[in-house]
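Below, each chain spelled out in residue letters.
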Amino acid sequence: MEAFLESHYVRVMPFLLEGLVYTLLITGVGLFFGFILGAIVGLARLSKNKIIYVLSSIYVEALRGTPILAQILFIYFGLPDLLGFNIDKITASIIAIAVNAGAYIAEIVRGAVYSIDKGQNEAGRSIGLTRGQTMRYIIWPQAFRRMIPPLGNQFVISLKDTSLFSVIAVGEMLYMGQQYYGITFAAFEALTMVCLMYLAITVPTALYLRKVERRLDV
Amino acid sequence: MMITVKDLHKSFGKNEVLKGIDLEVKEQEVVCVIGPSGSGKSTLLRCLNLLEEVTSGDVFIENDNLTDKKVNINEIRSRVGMVFQHFNLFPHMTVLENITLGPIKIKGVKKDDAIKAAMPLLEKVGLEDKAEMYPESLSGGQKQRVAIARSLAMEPKIMLFDEPTSALDPELVGDVLAVMKNLAKEGMTMVVVTHEMGFAREMGDRVIFMDEGIIMEEDTPDVIFGNPTNPRTKEFLSKVL
Numbered sequence: 001m002e003a004f005l006e007s008h009y010v011r012v013m014p015f016l017l018e019g020l021v022y023t024l025l026i027t028g029v030g031l032f033f034g035f036i037l038g039a040i041v042g043l044a045r046l047s048k049n050k051i052i053y054v055l056s057s058i059y060v061e062a063l064r065g066t067p068i069l070a071q072i073l074f075i076y077f078g079l080p081d082l083l084g085f086n087i088d089k090i091t092a093s094i095i096a097i098a099v100n101a102g103a104y105i106a107e108i109v110r111g112a113v114y115s116i117d118k119g120q121n122e123a124g125r126s127i128g129l130t131r132g133q134t135m136r137y138i139i140w141p142q143a144f145r146r147m148i149p150p151l152g153n154q155f156v157i158s159l160k161d162t163s164l165f166s167v168i169a170v171g172e173m174l175y176m177g178q179q180y181y182g183i184t185f186a187a188f189e190a191l192t193m194v195c196l197m198y199l200a201i202t203v204p205t206a207l208y209l210r211k212v213e214r215r216l217d218v
Numbered sequence: 001m002m003i004t005v006k007d008l009h010k011s012f013g014k015n016e017v018l019k020g021i022d023l024e025v026k027e028q029e030v031v032c033v034i035g036p037s038g039s040g041k042s043t044l045l046r047c048l049n050l051l052e053e054v055t056s057g058d059v060f061i062e063n064d065n066l067t068d069k070k071v072n073i074n075e076i077r078s079r080v081g082m083v084f085q086h087f088n089l090f091p092h093m094t095v096l097e098n099i100t101l102g103p104i105k106i107k108g109v110k111k112d113d114a115i116k117a118a119m120p121l122l123e124k125v126g127l128e129d130k131a132e133m134y135p136e137s138l139s140g141g142q143k144q145r146v147a148i149a150r151s152l153a154m155e156p157k158i159m160l161f162d163e164p165t166s167a168l169d170p171e172l173v174g175d176v177l178a179v180m181k182n183l184a185k186e187g188m189t190m191v192v193v194t195h196e197m198g199f200a201r202e203m204g205d206r207v208i209f210m211d212e213g214i215i216m217e218e219d220t221p222d223v224i225f226g227n228p229t230n231p232r233t234k235e236f237l238s239k240v241l
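Line by line, the protein sequences are chains A and L.
The first sequence maps to residues 1 to 218 in this note's numbering.
The second sequence maps to residues 1 to 241 in this note's numbering.
Possibly wrong hints are sitting among the right ones.
Here chain L is said to cover these stretches of chain A; the calculated rule only asks that three of the stretch's residues, wherever they fall, bring their Cβ under 8 Å from a Cβ of chain L [said to hold, decoys possible]: (1) 39-50; (2) 114-121.
Which residues of chain L face chain A? A few of them, derived with a C-beta cut under 10 Å, are [unchecked claim]: (3) R46; (4) F84; (5) G102; (6) I106; (7) K107; (8) I214; (9) N227; (10) P231.
Listed next, the in silico DSSO-like pairs over lysine-lysine satisfying Cα-Cα at most 27 Å (straight line) [to be verified]: (11) K105/L x K48/A; (12) K130/L x K118/A; (13) K105/L x K118/A; (14) K234/L x K118/A; (15) K124/L x K69/L; (16) K130/L x K107/L; (17) K110/L x K130/L; (18) K157/L x K118/A; (19) K185/L x K118/A; (20) K69/L x K48/A; (21) K130/L x K48/A; (22) K50/A x K110/L; (23) K185/L x K130/L; (24) K50/A x K124/L; (25) K124/L x K70/L; (26) K107/L x K118/A; (27) K239/L x K50/A; (28) K118/A x K70/L; (29) K89/A x K160/A; (30) K70/L x K48/A; (31) K14/L x K118/A.
These are computed hints drawn from the structure, not numbers from a lab.
Yeah, the Cβ is synthetic: ideal placement off N, Cα and C, and Gly gets one too.
My request is simple: use the sequences and hints to build the entire structure.
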């Protein structure tokens, strides 16, 4: 028992828990803004206005068509050249998750809203609701239920994506694991624990989502 | 005049569905629109509250021209109730919430008052015991009666019915028609697109026969069903009666 407590499997944990704080912070805040962005862009993709449609489509395709690794490097190293000031690592990471997940969430939102029967919109409009009211009270609540499973999926993807930010030395979980075996050379133990830590979040999330999905019957 | 339609044309792309409709509906009048599918009768109805954009011509609800860009279409729609073939109840809301949504959000009625006003409407359609139910647990006929109550909650001056019984099992049609008959007797101005010839004959003040995007014949039910003059009307009625 004592030997186990002294092992690298245990001694890496304080590092990983510190990293977990940043992993969750970046994922949580990033997805919060990513959802707002995705909701706006997703609705824009349904717009009849050509300009709004084209702009939102360019955003979605550009972000989905490039690797998130390139995106984080672009935001952290590329943008400051243009802006003339530096962006700190955590902020850059949050922006990267927000704009990257925002593109995928936009497609989730677009699909969910589009899937709601047109009769719902007509019924809302026919009693005299405005377009905005019909969206808010009738379409969105129904569409949102359908978004929950794919949004959960996006949470898992974005959570794993934060590990890529180790390239700019953000102290998230993978980076902290690397730090540990950099000192101790215990790469096998450290990386095993890193993976188990990710699984400890992603597996329960997946199981929970399956339950929600069954309840929503979608 | 409650409704005045002048030379109404409606095209979907190159397909002209309405080819010049003129129509007037007086207060308290019940007008039934019959005709083969694809004749444009549903499209005509949907133009009356601008669910379909009008290609050319004019549609007046009372004195407001719907094709006038400055007109407040939302306000006019709240005066014109519409009942759909597929009910279109809001599935995420209870029966009561379906009915009170309009009064609360559009007219700014307080929730308690909206509920108080909704209960007599539910009684009217015979569903006062279903207030807290969700639409999915109702039969088609019950759904359609809730949909009627939802429209009535806005206190409309005109009610449009778009094949309200076409999606119902035969044994459920009667309840919905009974509610509509009561509405007609109370003096509601109604335009009803229907395949229920019995209803049109009994309740219609006027019956309009449409085919190929125009009004082929319009007259009292007695004339249309008893002694139609247009050969197309005769042909249609011989198939459906």
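Tested hints:
no. : hint            : verdict
1   : 39-50           : violated (count 0)
2   : 114-121         : holds (count 3)
3   : R46             : holds, 8 Å
4   : F84             : holds, 6 Å
5   : G102            : holds, 4 Å
6   : I106            : holds, 5 Å
7   : K107            : holds, 9 Å
8   : I214            : violated, 25 Å
9   : N227            : violated, 36 Å
10  : P231            : violated, 35 Å
11  : K105/L x K48/A  : holds, 26 Å
12  : K130/L x K118/A : holds, 26 Å
13  : K105/L x K118/A : holds, 21 Å
14  : K234/L x K118/A : violated, 36 Å
15  : K124/L x K69/L  : violated, 37 Å
16  : K130/L x K107/L : holds, 24 Å
17  : K110/L x K130/L : holds, 21 Å
18  : K157/L x K118/A : holds, 25 Å
19  : K185/L x K118/A : violated, 32 Å
20  : K69/L x K48/A   : holds, 18 Å
21  : K130/L x K48/A  : violated, 39 Å
22  : K50/A x K110/L  : violated, 40 Å
23  : K185/L x K130/L : holds, 25 Å
24  : K50/A x K124/L  : violated, 47 Å
25  : K124/L x K70/L  : violated, 37 Å
26  : K107/L x K118/A : holds, 24 Å
27  : K239/L x K50/A  : violated, 47 Å
28  : K118/A x K70/L  : holds, 26 Å
29  : K89/A x K160/A  : holds, 17 Å
30  : K70/L x K48/A   : holds, 21 Å
31  : K14/L x K118/A  : holds, 23 Å
The earlier numbered hints that this structure contradicts are 1, 8, 9, 10, 14, 15, 19, 21, 22, 24, 25 and 27.
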